[in-house]
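Colleague: Protein chains in written order, with my numbering: chain Z, 1 to 502; chain B, 1 to 357; chain Y, 1 to 361.
Keep in mind the hints are simulated off the structure, nothing from the lab. We put the beta carbon where it would ideally sit given N, CA and C, even for glycine. Certain hints may be false.
Unchecked claim - Below, simulated EDC-like cross-link-like pairs (lysine to aspartate or glutamate); rule was C-alpha separation at most 16 Å, straight line:
| id | chain 1 | residue 1 | chain 2 | residue 2 |
| --- | --- | --- | --- | --- |
| 1 | Y | K337 | B | E128 |
| 2 | B | K343 | Z | E272 |
| 3 | Z | K316 | Z | E227 |
| 4 | Z | K394 | Z | D420 |
| 5 | B | K207 | Z | D118 |
| 6 | Z | K162 | Z | E125 |
| 7 | Y | K287 | Z | D118 |
| 8 | Z | K137 | B | E14 |
| 9 | Y | K311 | Y | D108 |
| 10 | B | K233 | Z | D308 |
| 11 | Z | K117 | B | E14 |
| 12 | Z | K332 | Z | E272 |
| 13 | B | K207 | Z | E120 |
| 14 | Y | K342 | Z | D59 |
| 15 | Y | K287 | Z | D395 |
| 16 | B | K343 | Z | D308 |
As the list claims (entries may be wrong) - Some chain B residues well away from chain Y (every beta-carbon gap over 10 Å; in silico):
| id | residue |
| --- | --- |
| 17 | M33 |
| 18 | I51 |
| 19 | F103 |
| 20 | G138 |
| 21 | R143 |
| 22 | Q319 |
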Amino acid sequence: MPNETVLTMRGISKQFPGVRALNKVDFTLRKGEIHALMGENGAGKSTLIKVLTGVYGKDAGTIWIDGVEGEAHIHSPQDAQNAGIATVYQEITLCPNLTVAENMYIGRGEGLLVKRKDYEKKAGEILSTLNIPARPKQQLASCSLAVQQMVAIARAVDMNCKVLILDEPTSSLDDKEVQMLFSLMRDLKSRGVGIIFVTHFLEQVYEVCDRITVLRNGELVGEYVIEDLPQVQLVSLMMGKDLDELNNMSGFERKDKSAAEVTYEAENLSSEASKAFDFRIHKGEVNGFTGLLGSGRSESVRAIFGADKVTGGKVKMNGKSVHITKPYEAMKNGIGYLPEDRKRDGIVADLSVRENIILALQVMKGFFKPLSRADMEKFADEYISALSIKTASKDTLVGSLSGGNQQKVILARWLLTHPDYLILDEPTRGIDIGTKLEIQKLVLKLAEENVSVTFISSEIEEMLRTCSRLIVMRDRNIVGELTGDQLTQTQVMKTIAGGEAS
Amino acid sequence: MTVKNASLPQKRREPLTDTQLLMTITICIFFAMYALAMLLLGGGFLRPQQIFDLLNDNAALIIVACGLTVVMIGGGIDISVGGVTSLVVMSCVLYLNNDGNMFVAMLLALGIGLAFGVVHGLLVSYLEIQPFIVTLAGMFFARGMTTILSVNPQKLAHEGLNALRAVKIEIPWLGYIAKNGNLIPGRIELGVLVALLCVVVVFLILKYTRLGRNFYALGGNQQSALMLGINVKRTRFMTFVISGLLSGIAGFVFMMHTGAGNATNAAGAEMNAIASSIIGGTLLTGGVGNIIGTFFGTLTLTTIKKIVVTSGLKDPWWQSITTGAMLLFFIVLQSVVLSNREKHNAKKKDSSAVKKG
Amino acid sequence: MSEMKKAMKKSGNIGQLMIPLIAFGLLIVFNLIRDPSFFSIETKLNNTGNTVLAGNLISIINGASELAVLAIGMTLVTAACGGQDISVGAAAAIAGSVFVKIVRGAADVNGLTVILAFLACCVVAMIFGSFNGMLVSVFRIQPMIATLILYTCGRSIAYWINGGATPTISSPITSAIGSFIPGVPIPTPVIIVAVMVILFNLLFRFTTLRLYTQAVGINQSAARLNGINTTMIKLLSFILLGVCVSVAGCIGVCRLQLINHETLLLDIEMDTILAVAIGGNNLGGGKFRISGSILGAYVIQMLTTTLYAMKVSSTDVKAYKAIVIILLVVIGSPVVKRWFTKKMGNLRGAGLRRAGAKEGV
């Protein structure tokens, strides 16, 4: 039973203009296993998934699915559904204007009419067995993002699918919700469903998966049983090089900067989205905000930058009282902000790399003082090479770059403004390990150059490596501040969870 | 069933969806406005015939607005509806005046509407051309063809159909006593029945069929609709087909009402239909809207015009200025209501997230 | 290598203008075959004793002036707001009425009064533009819906300004604006278009309007977080469209020397949006090219003039126009483009393979 295959893909190739996204990739999924699909950004994971779900057509290769006679032809998501493949994407792919029950049943089944009552009853049962806090008749838009994600999973569960694809479903969930999802996955596994799990979180892979398939640059690296592949080796397989770089961080030291001058100071700062809080950061200091999703860490830094409507508080920059209520004022006072959601708030996808890099500097210079073409080219060239941004040219549209390179472009944008204080909200989310390390190093280098940096990351390890002071938040309040010896994983966890903080 | 159940003990009513909320506002305002007119203006507004007249005069507009609502729910726009209506009127009149058959004329009307719908649908959904441009060209084509058929107004001279036109449903107990003492019964034209039938059918399609729900999904989020396994192209194609078909029906109803073909028939009907849909709570962004709302939207739009005329502002420009003012009122109201709601939802999300943390 | 890159860049830039250029080419060839004299340009004396240029080509360029001016503003609004203003015709009628009212009110019409009248109608048009812009930027209403209001009641407001009449103006200055300036053989509206184009070019040159507008149109949220006042940019696009509306309105009034609030620039909003679309601009906002829209305007006018020259009656023109428009947008549609690129890619790929095979040998 456990070795019975449910899905076989052989020799899958896919070409995009100028890029070979997949080159003769094989993939095998067995009944009742959780199979991690790993690889860095641009390795071809999403392309493989989208070929399987019929979003993209494949150029070559064959797919067999258990229960489908002969070769499976999947040309649309509908074909995939009919073949027993259900998918939950990282971004919510449900319709916000419909009810929860409708979202679970739309696009499925036969017949002319919708059986609303039936759907609502069945949806209610499934939601309650899965313990999802949503009502069938509720409009989806009124649910939180996490609940919406759960509804998408409930939909997949109800389809009695043979193959369930989870494409980075955990990036918007907090720990508790992740555990709920995992128990759900184990439950489905015991019912014989084959699950493909795509994620960037290595710990999660080792917690729940049975097998790992690694892709790199559109090619298959190999398929491994989880016990045979230590985490370190997995990383080196994904990156295609040794892990020496991981240890290169030792060249930098976290320094206690609490004696240095204060760069930024806020008293009772509050915005529409955040409660009032006090905060200060010193010259050359790297600090972090940590806490669970929804604890208010992002909202707090957004308040500092004026990204949400500021409702009160006093702010001082380099000792002088300043007025910051909008992003423009923050920028004028030497603050830069790399937003949490790169696609929504960061890149301007249809503009070139060059225009994206100079955007913030241009805005600071003012409406009536456009940069000369020569200056723009110079700045773009300078930062493309300084951050080693991989792009065909500086006129390439930024939307066509990989996630990590897009993030570097936004970093370049803010570095170009030479800020005194740089806020980085999740700069390493969803990007590959190589780029992650580069960004961490860059943060420490900036600190050496006396720039104050606030660094936020979901991975505590990463923050412990870079920050010399951690501010811990819970329920939109600051509940602790950790420095020096307190900067250990256990202490951070304890403080986040409550109990005896510091 | 060991878990403490979060969903089953819900006996309380769900909050209104966006669609229901906007529709409710429109219906309330319509009745308030009409009641006010009855109180302040009296006269015709006290007679049921006033409503019948509104329906008689605007049956075609109601039908056209239904089609447009469907397209708008799907996230598109169809500005050819007025043009198609006028082309249908002219073709049918010319055909009937050449000793045509009544039933063939009906088929002709449906056929022209369907043809426009199919072409628009093909171009928009399968060739991915912007709906505004496609239907703009459709409007140009229909209007141009109308004048090519005949620049001069054509009077309907077909006996059978003229006889049919004369048929009116009389409801004595909803009539009134005229000055000379005669009872004038409430009169409803056949076209109104057709319009009401269209409203009911489209309502049923939108609410109870798979296709109808797919329209909403498409307008709500096209990408999601695709991922949920909906055939997005075919669904969008169908919105335009329905709209085209209804324009054809509207053309026939229009002809029944006016009994003549004219190059300027249904001039501006597309904009009136769009206005009706908007007042009825349909959003141009798609995914939100309701036929009952559109029906009352049309009535609201036409009632305000009637009120302006009755209250003695006979200059033609008063009508369009009040219409504009009313549109402004509704559009701003909807914008405020929806953005408040969004804020409310966002707050709720925060608090639920906090609870979990 | 760099040569090749440059060439590729150029072709990329021209890519957007492909459709209007192809349309232009086709129309020219068609007319040459039909009647070569269509393009003849001659000089003649007009009834005021000026030596002026005449001919179909001149009348096309002249006749498209209002359309071209409006297309400039419409492109900006489209780019910034991702929607179109359907009230430009009605707003132009208002602007024209204000212009006429002031010119007629003046004791004697001299250059100063005309300039004052123009400035006044400019201000009025900008106010109405801001009204639309406020609805779009502050209340976040879709542009088409927001401008539906002014579309509905704009011409009635114009009617009210001049008390319902269709007053005429008669002054050598206004007639010079509408036709020819003594001693200049080129129609004045053409010169006005040129001036507008230069002004907008200067605007793009000396401000960051283009970058800001595109950023707002592509990703509003990111633009805001980079310090761009998105509300202001959207409002500004509508105000600039207001300026274009007033210019177009004045040209229209001066051409006829009277204001008819019902027919002045009737249905021009549709043609303007069409010009923007034919110019290869995405009606959903984002990147834009003014030159494309202007070219689009001339294509539309050339098409109309060609049809008139073929003795198609003015009411029937629309039907033929529709067919040509559909052909154009079908050629420019994403699906056809993708198909075309794929074919080209296959050809190129085959070429490369052949070259590779040769090297291998």
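Colleague: Could you run down the list of hints and mark each one as holding or not?
Modeller: Going through the hints against the structure:
1. Pair hint K337 of chain Y plus E128 of chain B holds up; C-alpha atoms about 11 Å apart against a cutoff of 16 Å.
2. Pair hint K343 of chain B plus E272 of chain Z holds up; C-alpha atoms about 10 Å apart against a cutoff of 16 Å.
3. Pair hint K316 of chain Z plus E227 of chain Z does not hold up; C-alpha atoms about 54 Å apart against a cutoff of 16 Å.
4. Taking the CA atoms of K394 of chain Z and D420 of chain Z, the gap is about 27 Å. The hint is violated against a cut of 16 Å.
5. A threshold of 16 Å between alpha carbons decides the hint, and for K207 of chain B with D118 of chain Z the separation of about 15 Å falls inside it, so the pair holds.
6. Between K162 of chain Z and E125 of chain Z the alpha-carbon distance is near 21 Å, which puts this suggested pair outside the 16 Å criterion.
7. Simply put, K287 of chain Y and D118 of chain Z have alpha-carbon atoms about 47 Å apart, too far for the 16 Å limit, and the pair is violated.
8. About 7 Å separates the Cα atoms of K137 of chain Z and E14 of chain B, which keeps this hinted pair within 16 Å; it holds.
9. Restraint check: the Cα-Cα separation between K311 of chain Y and D108 of chain Y comes to about 43 Å, which exceeds 16 Å; the hinted pair is violated.
10. Taking the CA atoms of K233 of chain B and D308 of chain Z, the gap is near 38 Å; set against the 16 Å cutoff, the hint is violated.
11. Of the supplied pair hints, the one linking K117 of chain Z and E14 of chain B holds, its CA atoms being roughly 15 Å apart against a limit of 16 Å.
12. Taking the CA atoms of K332 of chain Z and E272 of chain Z, the gap is near 22 Å; set against the 16 Å cutoff, the hint is violated.
13. A hinted pair counts as satisfied when its Cα atoms are at most 16 Å apart, and K207 of chain B with E120 of chain Z qualifies at roughly 15 Å.
14. A hinted pair counts as satisfied when its Cα atoms are at most 16 Å apart, and K342 of chain Y with D59 of chain Z qualifies at roughly 13 Å.
15. For the hint linking K287 of chain Y to D395 of chain Z, the alpha-carbon distance of about 14 Å falls within 16 Å, and the restraint holds.
16. The hinted pair formed by K343 of chain B and D308 of chain Z meets the criterion: a straight-line CA distance of about 13 Å does not exceed 16 Å.
17. Taking the minimum C-beta to C-beta distance to chain Y, about 18 Å, the non-interface status of M33 of chain B holds against the 10 Å cut.
18. Every C-beta of chain Y lies more than 10 Å from that of I51 of chain B, the closest at about 24 Å, which supports listing it as non-interface.
19. Under the 10 Å C-beta cut-off, the non-interface status given to F103 of chain B relative to chain Y holds; the minimum distance is some 28 Å.
20. Distance check for G138 of chain B against chain Y: the nearest CB is about 7 Å away, which does not clear 10 Å, and the non-interface claim fails.
21. The claim that R143 of chain B is not at the interface with chain Y is violated, since a C-beta of that chain comes within 10 Å of its own (minimum 5 Å).
22. With a least beta-carbon separation of about 8 Å from chain Y, Q319 of chain B fails to lie farther than 10 Å from that chain, contradicting its non-interface assignment.
In summary, the numbered hints that this structure violates are 3, 4, 6, 7, 9, 10, 12, 20, 21 and 22.
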